[in-house]
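Enquirer: Whole structure, please, built from the sequences with the hints as guidance.
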Amino acid sequence: DVTLLEAAGERDEAVAIAVALKRAVEQPGQRAALVTGDRALARRVSVELLRFGVVADDSGGTPLINTPAAG
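Count the sequence shown with my numbering and you get residues 1 to 71, in order.
Hints in this document: simulated from the structure, not taken from any laboratory. In this text, all values refer to a predicted model and were calculated from it rather than measured experimentally. Keep in mind that the hints are not guaranteed to be accurate.
[Unchecked claim] Derived DEER-like restraints, expressed as beta-carbon distance ranges:
(1) Thr3 to Arg51: 12 to 22 Å
(2) Ile65 to Gly9: 11 to 21 Å
(3) Ile65 to Arg11: 25 to 35 Å
(4) Arg39 to Pro68: 12 to 22 Å
(5) Gly60 to Gly9: 31 to 41 Å
(6) Ala69 to Glu6: 31 to 41 Å
(7) Arg31 to Arg51: 15 to 25 Å
(8) Asp58 to Gly29: 20 to 30 Å
(9) Pro68 to Glu6: 15 to 25 Å
(10) Pro68 to Ala8: 14 to 24 Å
(11) Ala69 to Val25: 31 to 41 Å
(12) Asp12 to Ile65: 25 to 35 Å
(13) Asp58 to Ala7: 15 to 25 Å
Glycine residues also receive a C-beta, built at the ideal position from the N, C-alpha and C atoms.
Expert: Right, dumping it as structure tokens:
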């Protein structure tokens with residue numbers, strides 16, 4: 001799914017993304033990913049996920065070709 005969200009600020013943006021990711025991974029057998037070139041956003045989302053007890057696997061800076069294939 002793709003969702004367009006207009007957030008009031010950077011923290012609101014990170015919280016909204018973290019909530020969506022948390023909801024996705026709460027479903028049995030589901031995985032979710034945030035793909036962004038904005039490292040600051042990725043860090044903010046990771047922090048918000050930690051508040052929810054979700055540890056993100058942040059592979060930022062790793063070329064996609066060097067990551068494991070989804071299975």
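Enquirer: Compare the structure with each hint and give your call.
Expert: Here is how each hint holds up against the structure:
1. Thr3 to Arg51: 12 to 22 Å: Holds - the Cβ-Cβ distance for Thr3 and Arg51, about 21 Å, lies within 12 to 22 Å.
2. Ile65 to Gly9: 11 to 21 Å: At 34 Å between Cβs, range violated.
3. Ile65 to Arg11: 25 to 35 Å: holds (32 Å)
4. Arg39 to Pro68: 12 to 22 Å: holds (21 Å)
5. Gly60 to Gly9: 31 to 41 Å: violated (22 Å)
6. Ala69 to Glu6: 31 to 41 Å: Holds: the Cβ-Cβ distance is about 34 Å, inside 31 to 41 Å.
7. Arg31 to Arg51: 15 to 25 Å: holds (20 Å)
8. Asp58 to Gly29: 20 to 30 Å: holds (22 Å)
9. Pro68 to Glu6: 15 to 25 Å: violated (34 Å)
10. Pro68 to Ala8: 14 to 24 Å: The hinted range 14 to 24 Å is violated for Pro68 and Ala8, with Cβ atoms some 36 Å apart.
11. Ala69 to Val25: 31 to 41 Å: violated (19 Å)
12. Asp12 to Ile65: 25 to 35 Å: With Cβ atoms ~33 Å apart, the hint holds.
13. Asp58 to Ala7: 15 to 25 Å: With a Cβ separation near 20 Å, Asp58 and Ala7 satisfy 15 to 25 Å, so the hint holds.
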